Every structure is written in C-alpha cells, then in structure tokens.
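> Please put together the full structure from these sequences, using the hints given.
Heads up: the protein sequence lines correspond to chains S and F, in order. The working numbering runs 129 ahead of the 1-based position in the first sequence. The working numbering runs 129 ahead of the 1-based position in the second sequence.
If you're looking for bench data, these hints aren't it; they were derived computationally from the structure. One or more hints might be untrue.
Identical copies look the same in the list; a pair holds intra-copy or inter-copy alike.
[As the list claims (entries may be wrong)] Below are the SDA-like pairs computed for lysine to any residue, each with C-alpha atoms no more than 25 Å apart in a straight line:
id	residue 1	residue 2
1	Lys294	Val444
2	Lys235	Ala416
3	Lys235	Glu391
4	Lys235	Val390
5	Lys294	His304
6	Lys235	Gly338
7	Lys294	Ala230
8	Lys235	Gly339
9	Lys294	Ser384
10	Lys235	Ile466
11	Lys294	Trp342
12	Lys235	Ser266
13	Lys235	Ser384
14	Lys235	Arg163
15	Lys235	Asp152
16	Lys235	Ile171
17	Lys294	Val343
Please read these numbers as outputs of a predicted model, since none were measured by experiment.
Protein chains: 2
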Amino acid sequence: MPHSTLPGVIELLDLPGVRATRDYILATDERTLRDQVELTEIPAPPFGEEARGQRLAELLEEAGLVEVRTDEIGNVVGVRHGRETGAPLVLAAHLDTVFPAGTDLKVGIEDGVLRAPGISDDGRGLAALLAVARALSETGVTTRRPILFVGTVGEEGNGDLRGVKHLFRDGGPAHDACAFISLDGAGIRTVVNRGLGARRFRVVVRGRGGHSWVDRGMSNPIHALGRAIGALASWPPPSQPAVSLTISRFGGGTSVNTIPVEAWAELDVRSESERHLEVAEERVRAALNRSVDEENSGATDDSQRTDLQITLIGVRPPGATDADSPLVEAALTVSRILEVEASLVSSSTDANLPMSLGIPAITLGAGGEAGGAHTLEEWYRNTRGPEGVCRALYTVLLVAGVS
Amino acid sequence: MPHSTLPGVIELLDLPGVRATRDYILATDERTLRDQVELTEIPAPPFGEEARGQRLAELLEEAGLVEVRTDEIGNVVGVRHGRETGAPLVLAAHLDTVFPAGTDLKVGIEDGVLRAPGISDDGRGLAALLAVARALSETGVTTRRPILFVGTVGEEGNGDLRGVKHLFRDGGPAHDACAFISLDGAGIRTVVNRGLGARRFRVVVRGRGGHSWVDRGMSNPIHALGRAIGALASWPPPSQPAVSLTISRFGGGTSVNTIPVEAWAELDVRSESERHLEVAEERVRAALNRSVDEENSGATDDSQRTDLQITLIGVRPPGATDADSPLVEAALTVSRILEVEASLVSSSTDANLPMSLGIPAITLGAGGEAGGAHTLEEWYRNTRGPEGVCRALYTVLLVAGVS
Chain S
130 MPHSTLPGVI
140 ELLDLPGVRA
150 TRDYILATDE
160 RTLRDQVELT
170 EIPAPPFGEE
180 ARGQRLAELL
190 EEAGLVEVRT
200 DEIGNVVGVR
210 HGRETGAPLV
220 LAAHLDTVFP
230 AGTDLKVGIE
240 DGVLRAPGIS
250 DDGRGLAALL
260 AVARALSETG
270 VTTRRPILFV
280 GTVGEEGNGD
290 LRGVKHLFRD
300 GGPAHDACAF
310 ISLDGAGIRT
320 VVNRGLGARR
330 FRVVVRGRGG
340 HSWVDRGMSN
350 PIHALGRAIG
360 ALASWPPPSQ
370 PAVSLTISRF
380 GGGTSVNTIP
390 VEAWAELDVR
400 SESERHLEVA
410 EERVRAALNR
420 SVDEENSGAT
430 DDSQRTDLQI
440 TLIGVRPPGA
450 TDADSPLVEA
460 ALTVSRILEV
470 EASLVSSSTD
480 ANLPMSLGIP
490 AITLGAGGEA
500 GGAHTLEEWY
510 RNTRGPEGVC
520 RALYTVLLVA
530 GVS
Chain F
130 MPHSTLPGVI
140 ELLDLPGVRA
150 TRDYILATDE
160 RTLRDQVELT
170 EIPAPPFGEE
180 ARGQRLAELL
190 EEAGLVEVRT
200 DEIGNVVGVR
210 HGRETGAPLV
220 LAAHLDTVFP
230 AGTDLKVGIE
240 DGVLRAPGIS
250 DDGRGLAALL
260 AVARALSETG
270 VTTRRPILFV
280 GTVGEEGNGD
290 LRGVKHLFRD
300 GGPAHDACAF
310 ISLDGAGIRT
320 VVNRGLGARR
330 FRVVVRGRGG
340 HSWVDRGMSN
350 PIHALGRAIG
360 ALASWPPPSQ
370 PAVSLTISRF
380 GGGTSVNTIP
390 VEAWAELDVR
400 SESERHLEVA
410 EERVRAALNR
420 SVDEENSGAT
430 DDSQRTDLQI
440 TLIGVRPPGA
450 TDADSPLVEA
460 ALTVSRILEV
470 EASLVSSSTD
480 ANLPMSLGIP
490 AITLGAGGEA
500 GGAHTLEEWY
510 RNTRGPEGVC
520 RALYTVLLVA
530 GVS
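In structure tokens form, the structure reads like this:
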C-alpha cells in the first residue's frame, strides 16, 4: 500500500478557505449531532424512506445546495456546482434502516453515548453529508468538479441497492461520475475499497401434504429442504477470496402429525469475487435440485412429488477500487494527515455498485465510534466525530480539486 | 380372522326395536349431514375446542342423553343409562381438528361432495355419534350396559390424546369401561384394532447469531437442524412393523443477512411397535447430537457454539385389541351383515389409550368416503353414509347388549 503523500496535499489543506472548513466543522459539531439525532428519529424502514428523505432535502437546501430534488424512487439529490462542468464527484449516505415501521427510534443520550436503532448506520453518515455541504457553503470554497450530494434509498437488505442502481443507470445523474464516496456509519480507521458482493435467494418447496402415517413415504417439503441445507452446511466454499453461505431463515408446516404442503428458506451468499458467487449459486441450485430429486425418489406417482422454486431476491455486485487509485490514495493520505493509520477493508455498501461499473468508489465511516449495528441496542459515541467529517471533506476536496 | 357369525346376532338385529333404529337412521340421513356441516363449521383448533364442544353438548342433550356435561379439560360427556349399572361402553368422536384458528371452515357442497377442513375428520364421527344417540332415544331401545357418549378434546397432534387420557384416568368416568369405540372419519371397510404408537418431539437449536459475512463460520442453528433433517430424511427406518418419521414443522431466523439465534422443528415418529419407537427415538437423538456437533466443529470458541434442546411433547402408546375379541368380532360380523368385507388395520386414534390399558377398543369410520384429511382440500361424499352409522350402532348394541 503506497504511503507517499499526494503531491500538493499539504499545500491544498493549507489554503485559507480549506483551513476555514475545518474550523467550521469543529465549531458546528453540536449542530451535526443535532442533525444526526433528528434524522435518526424519523422512521426510514425498508421501502419507507419518504419522510426522512423529505427532511434531508429541506436540510440540504438550507445547506446551500441547488437543484435539490427527490427522484422517482426516493433518492434525495442536491448539487454544488464546480468551476468546471463535467463528471461530478458523488458524496452519499443512505436514508434507509433495517428496522421495520413501528420501531421505537427515540434517541437516548447518557454519558456521551447516543442510543437508538440507526443512530450510526446511517444517521451518522447523513449528518456528516450535511456538515460537509454546510462547511463548503459557509466558507465559500468552490471545487473544480461539481459535487452531487445524495441520500440513497434501499442500501440495506432487500432494498437491493435500488437507490444507487437508479443513480448510476444509463442516463442517471451519476452515470458519468468521476468518483463515488459513501459515508456509512461511524469510524475513522478504515477505507472500504473492496465491495463484497451478495446473491440472495428465496426457495419454496411445495408438495401435496398429507397424514404423517397414512401418507408415509410421500415426498415431504421439509425433508427435501433439510437435505439441501445439510448438504450446503457441510460444503467447503472456495477461499481466496472467501465465500459465506448462510441459510438465514426457514419455515413451514402446520401441525405435528401432518406432512407439510410447503417449506421455504432464504439464503445469503457473499464474496468479493463474482466468479465465486457464481460457483456458490451453482452449488446452491445443484444441492436443492438433487435434494428434491432424492426426496421424490420414493414417490409412486407424480402427485406425490414436491416441486422446487428458486427466486433470486437480491443481487449486489462485487467490485474493487485499486489500492493505488487516486481516490483510495486521497482517503489514506487524508487519514494520515489526521494522524490515523487507516486500513483498506471489504464491505457491502452503496459503493459496490459504482465499483462494479469501474467507477472509483470508496466507503468511509463518518467519525465517532459505534456498535450494535442492525440491532435495537445500536449506539454512537462522538469520539473523533468532527475529524471523521473532516476526513470526508478533505478527501472530497482532493478528488474534486480546489482551484 | 374368524368369520363366524356371533351367536344371536341375526336374532338381535331382527328385534323390532333394532329394525326401527335402522329405519330411523336411513330416514334422518339429511339431518345427520346437516349436523356434520354445522359442527365442521365451528372452529375447533388444537386447544380451542370449547365452541364446538358447547354445541355438541346441546345436541347430545336434545338427542335424549342425560347428565350431559363438559369436563375439566373440555371433553363433552353424556350418558344413556342401561338396564344394568356397571362398566359402561364408551362411544366417542373427537372435537378437535389440526387446523389453526382463522382457517376458513365454510363447507362447500357440489355434486354431492362436501368440502371443508375437518368435514370428515372428525365432522363425520361427531355427526354419527349424534345419529346413534338419537336413533336409540327415538326408537326407545334400551341396552343392558350403560353407554357413555363422548366428544373428546386433543385427539390430534399436540393434543396428545389428553381428552381420552383424562377419561380413562384413575377415577375417571371411563376407567372401568367394558369397551371403547371411536368414530373417526369416514369409511366402512376397516376396523382399527391396532393402535399405532407415536412419539413427538420439539427440537430447539440456539446459538449466538450474528452477521452473515462478518461472523461467517459461526455455528448456525438452521444449518445444524438442516444437517439432522437431511440425515433423518434418508434413514431407512425399521419395517415389520413399519415406522414413519416425519419432520412436520420448522422455523427460525429474522433477516436474510443474519445468522439466526434460533431454529426449531417438530418431529412425529409412529409405529405399532414400542421397540421400533425406541429405535427411532434413539436415531433421532443421535442424528441431532451428531449434526449439532458437526456444525460446532468449526467454532473457535465456546460462544460460537450452538446448543441443542430436545423435548418429548407427545407420547401415544401403541396397543392392540385381539382379532378374536368379542368387540372386534362384533364389528366384523356387523360389517358382513351390511355386506362389507372389512379388514383389520392399524391407526393412531383415541382408541390407542384404552388399548394400552388392556381395555378392548376399536376405531370405526362413520360411513361415506373421504380424502385430503389434514389438508385444506379435505372432502366427504355420503356413499354408504347411513350404513356407516348403522355399523356403529349395531356394534354398540352387540357389545352393550339388548335385553
């Protein structure tokens, strides 16, 4: 990993305007935390991001962005023009949470710890997005390239990256982006430059069902699915890069003495390698088909057989941004200037999508510390919080350029 | 199998009063079907038989029984006194169904076919129970022994025969019964004289859970259970007598990208042989223990392991009534008089319990034809329906005696 300082970085950060942005971020740290609390308390369940998006749009407009709008699928997009037109830099945080409608989102504050579902993931990212926009407006720093500020929908789970997919579609506002930076959760010690891919499946096995004794020998959907789960559980998946294969949910059956009519399961397969995802998908399909065939082998007529249905319910393409690309170097250099030795890691975030398209993309934590992501016990502490915002801002300035 | 006609059978059935019962049953066939429809449409899910029981009690009282009552656990019991006191004959049908609360029970009638969950099992048995009671009352036939008419709770699934167990408990109203006849479902061609035993288990596997990628390799309760289901599904169980092994329900997991904290399953094992039930139980326990161990083999510390809990949730003792016992001979003889060559078969019904206590017990279908038991597509056709009721009635008269 190259550790040279990018030429001109020190000079750039020494520009009076740039110094002023840092002062502004430090001075308005309380405001950033207030935004974080306010946005976290607005429900944004999967496929229900409207209310939070609407408030983010108001705040982005107040922060001096222009052309602020909510697009067809709910992404909130605002522009800060550069001195030049052309390929924009995209800075994004995601609106959605994993928490269903009705979850108590009230933020509790005690001993400097903020507690609420989503307070870090991605309440922190959204607050940092606003802080960066305000710092540029208030200090009058203008970049060379235009910057798109975006709150995306559908980053989590079955949202299937639909927000960022829409943004980067042919003709979408980010289709020609020069780079993409996602602010996702807390932290300052990592730079995500590899995008973990995922394929997700829902499997349903259906049969005729019957009485556990009278109809013994009839193909049983739970048995069929159990055979497949057993086979997949003992499969040694490829390594380098690793693959995870998780059967995460299953269900079926109505009563203890009834051969069930239906059994279903959901599977999650992840890897940084598209090829390994393909291998795993082949394995999943083969195990399911073989297991259903095995279960059907005792059937004496077709009506006793079970049928298999496999639905692909999610695709996250894997991808990577080269460790020596200007974007990654910028993030690492800025980290070092802030006296943080950041490491390059892999994760599954909005950045996956531009990575898979060959557009340089990274994901940064937005400062502070956090834990319990995706649980009701999620918490955030503002240790080095403003420095996380500065790290994002400086990386933006290095990539977008300050003339 | 002895096929001699019991001494005095022809003479008994030729008594004017007994002839009149047959005429009554044939003449009131429509009423019997109306009862069947009405009772089937009253929900009686597992552990929720009150409403159907209450209506049955009203109908049994209208049918001329005395001392009609609902006992502590929900059985409906009514008495028809005999000329003598002493050990009663018990005639029973079961109130409960396998269908959960909320199931649509509306009976559809088309081309002579009645369709509804539970229309045969045991709507038909309950309707026949009423028809037998009414025929005796309306024709004034009095038996030598008293007869207990019973609607039992808990015949199905996890009900675990709790109704009939309560009836035959020490000091229970049937503890000294001379014989037990269960009317269960449709049909006229079989006499159940062997009681299929069952053991039922609930299995819970628990682990720490986690993120499908970050925590990959952690022991997964769904994987552990799937391994066991796969192993059990391909187990060739003992034969002669046969064993059925059914994993009938399972569930677990919260979100597609989360290693679940818990997975559970319910299993049903059946055989006429107590020894084979033991063998199967050993196999179930061994497969579960081995599968959890296999799943745990990758755990690097104890907190990553999953734990297994197996609970025996139901025991149905196997049993038999000798083929040459007076009760079985009575049922076969009556069948023959009705020009049916009935065969002796094995099933798991309320009769298991008295059989296991050494009390002569059989189960009879209550006439008609049916299919799809324990499914939403259950149907009933009234072919030889009244003859099924007559078969039950005559068997009762032969065993209880007509003076």
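> Now tell me if each hint is right for this structure.
Evaluated hints:
| no. | hint | verdict |
| --- | --- | --- |
| 1 | Lys294 x Val444 | within (11 Å within a copy, 55 Å between copies) |
| 2 | Lys235 x Ala416 | neither (42 Å within a copy, 41 Å between copies) |
| 3 | Lys235 x Glu391 | between (37 Å within a copy, 23 Å between copies) |
| 4 | Lys235 x Val390 | between (39 Å within a copy, 21 Å between copies) |
| 5 | Lys294 x His304 | within (10 Å within a copy, 72 Å between copies) |
| 6 | Lys235 x Gly338 | between (43 Å within a copy, 21 Å between copies) |
| 7 | Lys294 x Ala230 | within (24 Å within a copy, 43 Å between copies) |
| 8 | Lys235 x Gly339 | between (45 Å within a copy, 21 Å between copies) |
| 9 | Lys294 x Ser384 | between (42 Å within a copy, 20 Å between copies) |
| 10 | Lys235 x Ile466 | neither (36 Å within a copy, 74 Å between copies) |
| 11 | Lys294 x Trp342 | between (51 Å within a copy, 21 Å between copies) |
| 12 | Lys235 x Ser266 | neither (31 Å within a copy, 68 Å between copies) |
| 13 | Lys235 x Ser384 | between (36 Å within a copy, 20 Å between copies) |
| 14 | Lys235 x Arg163 | within (13 Å within a copy, 57 Å between copies) |
| 15 | Lys235 x Asp152 | neither (31 Å within a copy, 73 Å between copies) |
| 16 | Lys235 x Ile171 | within (9 Å within a copy, 45 Å between copies) |
| 17 | Lys294 x Val343 | between (51 Å within a copy, 23 Å between copies) |
Violation of the numbered hints given earlier is confined to hints 2, 10, 12, 15; the remaining hints are satisfied by the structure.
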